[in-house]
Structures are given as C-alpha cells and as structure tokens.
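Kindly generate the complete structure, drawing on both the sequences and the hints.
Count the sequence shown with the working numbering and you get residues -11 to 163, in order.
Hint data in this document are derived by calculation from the structure and do not stem from the laboratory.
On a predicted model such as this, the values are computed, not experimentally measured, just so you know.
Each hint should be verified, as a subset may be incorrect.
What follows is a set of in silico ranges between Cβ atoms, one per label pair, in the way DEER data are often shown [claimed, not checked]:
no.	residue 1	residue 2	range
1	Gly30	Pro142	33 to 43 angstroms
2	Arg99	Gly56	35 to 45 angstroms
3	Gly56	Ser104	33 to 43 angstroms
4	Gly140	Glu51	14 to 24 angstroms
5	Arg100	Glu51	13 to 23 angstroms
6	Arg82	Arg134	19 to 29 angstroms
7	Glu51	Arg99	31 to 41 angstroms
8	Leu121	Leu72	31 to 41 angstroms
9	Arg105	Arg141	14 to 24 angstroms
10	Gly56	Gly32	31 to 41 angstroms
11	Ala151	Leu121	24 to 34 angstroms
12	Ala29	Pro142	19 to 29 angstroms
13	Arg99	Val48	29 to 39 angstroms
14	Leu55	Arg99	33 to 43 angstroms
Every residue gets a Cβ at the ideal spot worked out from N, C-alpha and C, and that includes glycine.
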Amino acid sequence: MLIVMAGLPGSGKSTIAAAAGRALGCAVIAVDAVEAAMLRAGIGTEQPTGLAAYVVADAVAREQLRLGHDVCVDAVNDAPAARLQWRDLAAAERASLLFVEVLAPEPQEHRRRLESRERDLDGFPEPTWESVLARRSGFDEWTDDRLRLDAGRPVEENVRLIASAVALRRDGSSD
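If you want it as structure tokens, here you go:
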C-alpha cells in the first residue's frame, strides 16, 4: 500500500501522516526531512534540493514496497508531476495507491499554524505565508480520486478515515 499525503505547508499533513504511520504500522517518508538532510550534508540551496528530495523519497519508498512494507509519503505534492511520480511508482510496484489531501483550516488558523510550528529539521528554511499562498494553485486542476481530510478535525478522526480507506483498498473495493 502506498499512501501519499498532499496539502499545503502548515496544513497539518505531517502530523496526520505520523499518526497514521503509527496506527497502521507503516513507514513514513517525509520529503522535508530528506531535503533537510541534504542541506545539512552541505548541498547548497542553489541546487534543486526540493526535486532531489522527491527523487530520494521515491527510491526509499520503492525499496520499502519491494520489501513488502506499506509506505506513507509525506509531501506537499502540489505539482502534477509529483503526483504522477507516485502513480507511476504504485503501478511499477503493483501497490495499491491512496492519495490523501489534507485541506488547510481557515486562512487565519492555517497562517497561525505555519508561523508557530517548530520542527526538528535543522537548517531547513520554513516557508513564508506568501510562498504557501502561491502554491495553492497547484491543487486547482487535481482530478485524481483522493481522500480529502479537514485539518480542523481531530487527528485521530482523520487517521480513522485513512485506516478505513486503506481497508477498502485492501479488500479490493477501490483502487
């Protein structure tokens, strides 16, 4: 099973992904953590570290799927090419695919979350509110079937919704 989280920075998707990973016992691969590691390793910010992080996450997810593990990818996934990458990976590895879009809370709460969050990603620059707003359009034309979660709901409730969707896919009811 390949679970692919998507949503704007600060929407709550990483919190939900971590909780879902614990509840489902699956590997969680966070693209921001991969990119932060690249920066700590000395790869300069002038390099395409964002793209490289998606490529690395793909390789790690592929290996975990080949080992028989379920995987949850935690990334913004606002670009069609990013979502295609995960569709292609699922098809190549014959894994069921579940896209999960985390919808940000109302703008004031979303901005508060973004600007007050503290993550253990040394050296990783947090996005500005303006850069988050600029990424919204990446979701406008998204037509893939996906589970859409309200980040204003309790995390446990959203995790239950993911677990139910995973169970449906395992039963072959939806792919």
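Against the structure, the hints come out as follows:
At about 40 angstroms, the beta-carbon gap between Gly30 and Pro142 stays in the expected band of 33 to 43 angstroms. Under the hint 35 to 45 angstroms, the C-beta atoms of Arg99 and Gly56, about 41 angstroms apart, fit the expected range. For Gly56 and Ser104, the Cβ-Cβ distance of about 39 angstroms falls inside the hinted range of 33 to 43 angstroms, so the restraint holds. Roughly 35 angstroms separates the CB atoms of Gly140 and Glu51, a value that falls outside the hinted 14 to 24 angstroms.
The beta-carbon spacing between Arg100 and Glu51, approximately 38 angstroms, falls outside the hinted interval of 13 to 23 angstroms. Between Arg82 and Arg134 the CB atoms are about 20 angstroms apart, so this pair conforms to the stated range of 19 to 29 angstroms. Against the hinted window of 31 to 41 angstroms, the Cβ-Cβ separation of Glu51 and Arg99 comes to about 37 angstroms, which satisfies the hint. Checked against the given bound of 31 to 41 angstroms, the beta carbons of Leu121 and Leu72, roughly 24 angstroms apart, lie outside it.
For Arg105 and Arg141, the Cβ-Cβ distance of about 18 angstroms falls inside the hinted range of 14 to 24 angstroms, so the restraint holds. Under the hint 31 to 41 angstroms, the C-beta atoms of Gly56 and Gly32, about 37 angstroms apart, fit the expected range. At about 32 angstroms, the CB distance of Ala151 to Leu121 agrees with the hint of 24 to 34 angstroms. A C-beta distance of roughly 37 angstroms is found between Ala29 and Pro142, which places it outside the suggested range of 19 to 29 angstroms.
Checked against the hint of 29 to 39 angstroms, the C-beta distance between Arg99 and Val48 comes to roughly 32 angstroms, which is consistent with it. Roughly 40 angstroms separates the CB atoms of Leu55 and Arg99, a value that falls within the hinted 33 to 43 angstroms.
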